[in-house]
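Visitor: Okay, here's what each chain looks like letter by letter:
2 protein chains.
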Amino acid sequence: MAEYKAPLREMNFLLHEVFAAEELWAHLPGLAGAVDRETADAILEEMAKLAANTLDPINRSGDEEGCQWNDGVVTTPAGFKEAYATFCEGGWGALLGNPEYGGMGMPKMLGAQVEEMINSAGISFALYPVLTNGACLAIDAHGSEALKQQYLPKMYEGTWSGAMDLTEPHAGTDLGIIRTKAEPQDDGSYRITGSKIFITGGDQDLSENVIHLVLAKLPDAPKGPKGISLFLVPKFLVNEDGSLGERNHVNCGSIEHKMGIKASATCAMNFDGAKGWLVGEVNKGLAAMFTMMNYERLGVGIQGLGASERSYQNALEYARDRVQSRSPAGAQQPEKTADPIIVHPDVRRMLLTQKALIGGGRALSTYVAKWLDISKFGEGEEKKNAEAMVALLTPVAKAFFTDKGLDCTVIGQQVFGGHGYIREWGQEQLVRDVRITQIYEGTNGIQALDLVGRKTVANGGALFELFAADVQAFIDAEVDREEMAEFVQPLAAELQRLREATEKMVAAAQEDPHAPGAASVEYLHLFGYVAYAFMWAKVAAVALPKVEQDSFYKGQVKTARFYFARLLPQAQALAASVNAGSATLMDIEDELF
Amino acid sequence: MAEYKAPLREMNFLLHEVFAAEELWAHLPGLAGAVDRETADAILEEMAKLAANTLDPINRSGDEEGCQWNDGVVTTPAGFKEAYATFCEGGWGALLGNPEYGGMGMPKMLGAQVEEMINSAGISFALYPVLTNGACLAIDAHGSEALKQQYLPKMYEGTWSGAMDLTEPHAGTDLGIIRTKAEPQDDGSYRITGSKIFITGGDQDLSENVIHLVLAKLPDAPKGPKGISLFLVPKFLVNEDGSLGERNHVNCGSIEHKMGIKASATCAMNFDGAKGWLVGEVNKGLAAMFTMMNYERLGVGIQGLGASERSYQNALEYARDRVQSRSPAGAQQPEKTADPIIVHPDVRRMLLTQKALIGGGRALSTYVAKWLDISKFGEGEEKKNAEAMVALLTPVAKAFFTDKGLDCTVIGQQVFGGHGYIREWGQEQLVRDVRITQIYEGTNGIQALDLVGRKTVANGGALFELFAADVQAFIDAEVDREEMAEFVQPLAAELQRLREATEKMVAAAQEDPHAPGAASVEYLHLFGYVAYAFMWAKVAAVALPKVEQDSFYKGQVKTARFYFARLLPQAQALAASVNAGSATLMDIEDELF
Chain A
4 MAEYKAPLRE
14 MNFLLHEVFA
24 AEELWAHLPG
34 LAGAVDRETA
44 DAILEEMAKL
54 AANTLDPINR
64 SGDEEGCQWN
74 DGVVTTPAGF
84 KEAYATFCEG
94 GWGALLGNPE
104 YGGMGMPKML
114 GAQVEEMINS
124 AGISFALYPV
134 LTNGACLAID
144 AHGSEALKQQ
154 YLPKMYEGTW
164 SGAMDLTEPH
174 AGTDLGIIRT
184 KAEPQDDGSY
194 RITGSKIFIT
204 GGDQDLSENV
214 IHLVLAKLPD
224 APKGPKGISL
234 FLVPKFLVNE
244 DGSLGERNHV
254 NCGSIEHKMG
264 IKASATCAMN
274 FDGAKGWLVG
284 EVNKGLAAMF
294 TMMNYERLGV
304 GIQGLGASER
314 SYQNALEYAR
324 DRVQSRSPAG
334 AQQPEKTADP
344 IIVHPDVRRM
354 LLTQKALIGG
364 GRALSTYVAK
374 WLDISKFGEG
384 EEKKNAEAMV
394 ALLTPVAKAF
404 FTDKGLDCTV
414 IGQQVFGGHG
424 YIREWGQEQL
434 VRDVRITQIY
444 EGTNGIQALD
454 LVGRKTVANG
464 GALFELFAAD
474 VQAFIDAEVD
484 REEMAEFVQP
494 LAAELQRLRE
504 ATEKMVAAAQ
514 EDPHAPGAAS
524 VEYLHLFGYV
534 AYAFMWAKVA
544 AVALPKVEQD
554 SFYKGQVKTA
564 RFYFARLLPQ
574 AQALAASVNA
584 GSATLMDIED
594 ELF
Chain B
4 MAEYKAPLRE
14 MNFLLHEVFA
24 AEELWAHLPG
34 LAGAVDRETA
44 DAILEEMAKL
54 AANTLDPINR
64 SGDEEGCQWN
74 DGVVTTPAGF
84 KEAYATFCEG
94 GWGALLGNPE
104 YGGMGMPKML
114 GAQVEEMINS
124 AGISFALYPV
134 LTNGACLAID
144 AHGSEALKQQ
154 YLPKMYEGTW
164 SGAMDLTEPH
174 AGTDLGIIRT
184 KAEPQDDGSY
194 RITGSKIFIT
204 GGDQDLSENV
214 IHLVLAKLPD
224 APKGPKGISL
234 FLVPKFLVNE
244 DGSLGERNHV
254 NCGSIEHKMG
264 IKASATCAMN
274 FDGAKGWLVG
284 EVNKGLAAMF
294 TMMNYERLGV
304 GIQGLGASER
314 SYQNALEYAR
324 DRVQSRSPAG
334 AQQPEKTADP
344 IIVHPDVRRM
354 LLTQKALIGG
364 GRALSTYVAK
374 WLDISKFGEG
384 EEKKNAEAMV
394 ALLTPVAKAF
404 FTDKGLDCTV
414 IGQQVFGGHG
424 YIREWGQEQL
434 VRDVRITQIY
444 EGTNGIQALD
454 LVGRKTVANG
464 GALFELFAAD
474 VQAFIDAEVD
484 REEMAEFVQP
494 LAAELQRLRE
504 ATEKMVAAAQ
514 EDPHAPGAAS
524 VEYLHLFGYV
534 AYAFMWAKVA
544 AVALPKVEQD
554 SFYKGQVKTA
564 RFYFARLLPQ
574 AQALAASVNA
584 GSATLMDIED
594 ELF
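These protein sequence lines are chains A and B, in that order.
Under the working numbering, the residues of the first sequence are numbered 4 to 596, in order.
Under the working numbering, the residues of the second sequence are numbered 4 to 596, in order.
Heads up, a few of these hints could be off.
One copy or two, either will do: identical chains are not told apart, so a pair holds if it fits within one copy or between any two.
Here are the simulated lysine-lysine pairs, DSBU-like style, with alpha carbons at most 35 Å apart [as the list claims (entries may be wrong)]:
{"#": "1", "residue 1": "K226", "residue 2": "K549"}
{"#": "2", "residue 1": "K8", "residue 2": "K387"}
{"#": "3", "residue 1": "K226", "residue 2": "K287"}
{"#": "4", "residue 1": "K549", "residue 2": "K84"}
{"#": "5", "residue 1": "K84", "residue 2": "K379"}
{"#": "6", "residue 1": "K557", "residue 2": "K507"}
{"#": "7", "residue 1": "K387", "residue 2": "K278"}
{"#": "8", "residue 1": "K339", "residue 2": "K287"}
{"#": "9", "residue 1": "K387", "residue 2": "K84"}
{"#": "10", "residue 1": "K557", "residue 2": "K229"}
{"#": "11", "residue 1": "K229", "residue 2": "K339"}
{"#": "12", "residue 1": "K386", "residue 2": "K278"}
{"#": "13", "residue 1": "K184", "residue 2": "K339"}
{"#": "14", "residue 1": "K184", "residue 2": "K84"}
{"#": "15", "residue 1": "K52", "residue 2": "K387"}
{"#": "16", "residue 1": "K226", "residue 2": "K339"}
{"#": "17", "residue 1": "K507", "residue 2": "K339"}
{"#": "18", "residue 1": "K52", "residue 2": "K379"}
No lab work stands behind these hints: they were computed from the structure.
Please read all numbers here as calculations on a predicted model, not as lab measurements.
So here's chain A without its partners, still in its complex pose (with noise of 0.2 Å):
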């Protein structure tokens, strides 16, 4: 298995030289003066270093080791708790939170590289801090103030650690039927009763206390989605002075067994009259939740990018060590018994497909997180675009990067033939861990769901034209450029396919329901191909003036072609797929499947 080496010329090139990051940086009111490229470079190169040395050497001992309940006690794989003590002490838990609360208040767009290399170095461990995150923007977004100064710096510290309650066996994707119950209580509290599954970290050896962000329904609360609160329950009370109290009655009654992220305990949790408090308004849990599932998705989707990135590198060493068979084109290297397997035109096929997926996703991923830091830090009009580019290219990212993620997982494990079946080399780790992520945050059936119904269909394709209007006026700079036409034409192309996809389906669904479902994985994965056609023509434009100045930019405009050459024709099919309407899902009788 190769080392770990995190890419970060690429992760410099998209942040400076194609998004200039360190100009919106600057630029952004609620974020003047935190973060300069200087910060942002030692940052990138710190966290190079822990994912390297740290947390990949703990990431195949630990899937062999899994995660152990005893008892109700979870205890994680041999060397989980050191490496996550490192990870503490280092602030990375603090990175992207409140300053207000002793967060370090960095963007999104930095944050967004830190993540691929966590979750390149293992999916399993970044969960733990993934979740805390997670429970932090919630609880910072929507929590009481006391609430947030018991409970913000503990978790940005790591000492604490969150979790996210939401799953029942009977409710996964449709939350408005859960049955776990608050009652109030006199002093303003909550007592919670029921039983969740799936629970990310719900318990572990890690940290001092868990906090549980927890949806549960009042005793008179309207049925369905609009009757559901969130509530903080913490594993051990929290006295007066932030020192630990009596243990909540919260459990953890077993943890799942899995295909994969076997480091990462799922939990299933109960609550027996636990002790909460509510956080945001009665009723108003989902839309709390919801908040916070943008930054999270994107955290999934950068997931699949890291696994992606980590079987890159294995594969690429691979197909550089491994001599078998000789080139169509003669011995390459006479001197050995056989050839390097890259010299191989379907070898080279399987890398570039990596490498071009890969690439177009962090450039997509730097690009939504751009969004993200504007609708955060920004104001007015700018704020409010950015708010509306995030809410239809969240879904997008989440289940895009994670459907490719498995896609480049695959191909990296077929790179190395049956040694990429066995566990010894890796790979097939890499797989398994990656297909959590294209179901976990809401399926990527759900994302499609996301996309096409509220994010396009139920505002007329609004948000679509923004986004088109954003690759118009690249596409209209660009048009002058000789030397950009083969990637500005069928750009534009592209662009009107999606366009013409997006409207009709908008057409179709005034009169069939089943429409907007019919369409969304389909119309989904031609956005992704679109987008990411946009990103590498992005990149081409800058790298194009520079490929004599240095060898990289000649590898990322090559890498550009064949995105156009050999991956962009999905686009057709997908169209084709899209449009053909619900009449062949819909018109087939239940008992004839």
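Use these hints to put chain B onto chain A, whose structure you have.
Guide: Okay, now just chain B, sitting in the frame of chain A:
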């Protein structure tokens, strides 16, 4: 997890209504009288029971327990020994065997359906008899009369099993560079010395003896693939009376820890001067190995189908049982808290994708098996033509069925949401198990190179034209049926698209040695999609007149429509990638990856 129910109706429909098997069986000279419909029906029904009652129940527990290796002894999981005994008692190991040595001589068209059921019930178990079959084929085709008499009856019985020993640590795809040595002895035997890896069933506790077929090099052998010979090396030497003699010098050094098929022992085998006998001619071992590869490669493809069918049955049951959210058209089952998820268009898309890919694959598998039977039991021109069809279609079947097998099992897992990621439901095991089928018996990349190189470019597309002529004959026969226009017209268009891509690739190969490899995998997939369109059109042609007679036929027609509307568009994108040529793959310097 749903109980496995063999798709006997679909199998009988394909055998007798679509492919008129009984007529063919009566007509083939080498098969006359060996099988009729009644026998075939009985065989299928018996295997349906065995698969459901004996094999399926040990599949999940086999995965959890795995094989164990201790001091050179391999133990299979609980229940495997008993199931293997039952399997052998039923005579299943003899199904396709040569009747001269105790085989039943059944046609592959029937065998293909039987194999699908065994593999649906569990690939791990299936591999033990599969490898024995493969070894029997090689011995029957190339062994001396003495070897056949000595080994085949016991192997058909299953008392002795078989293993194929090809791969070495440094030599997988590139068998020309193997190092295992064979030294001739005075008694006509050979001493075999070397190390082999990835030997499926190389050792186990199911059979009394393991008969290895080993690739090795004689001391004076020419370099490369033309210096490889094939040897039979039993674990226990066999006395003249057929009883077992002393232990041979062949040992299992370890077993692999793998992503899946954990109940199948994947062995590292050490040959330390083991006694062996030549099979076939000196230095023609690879050719001997490959004469039985067509049978085996179709069999690996069928593993992909079997796992897909199992996953589909589970997903379908779950989609009918699991209630979650309401139909976009309003509540369908208002008395429940939510509707069963089969009402959602995207869930239907997932299920129909599985159904259409499995049905297309099962039809193509039966079609390829038909050509295998004609090539084995036929005569003259008919036989020659069938051999050509088999040569062309085998790599398509192996790679396309298994690539789509991964897609199908991933989809079947996705239908379950988070529950699909948990081990207890079995859906994730199917993903892990089926993944190996894309890798072993020649990776799917190698299958694609075989298709574009040896099978297409090398003969200027002559084999392709044979297949195209069969498709065209169907089109010509159906072109005047108005109700068939929705299938015949797009089929004709896609055949033309495939022809153009074929011609372009054949022409490009004259000047560019990288052209075939650059096109290979996407070309194979393009071929696969067009072949499935052919199959679904054939199915529709038979089913259309009967839709009022039985809803089964209606289901077939509607699935065909779904395939043409939603899946076949992939062909457009694949053709565009194929036609893009090798430039973007070869133009990028190795160090810029």
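Visitor: Does the structure break any of the earlier hints, and which numbers would those be?
Guide: 1, 2, 4, 7, 9, 10, 12, 15
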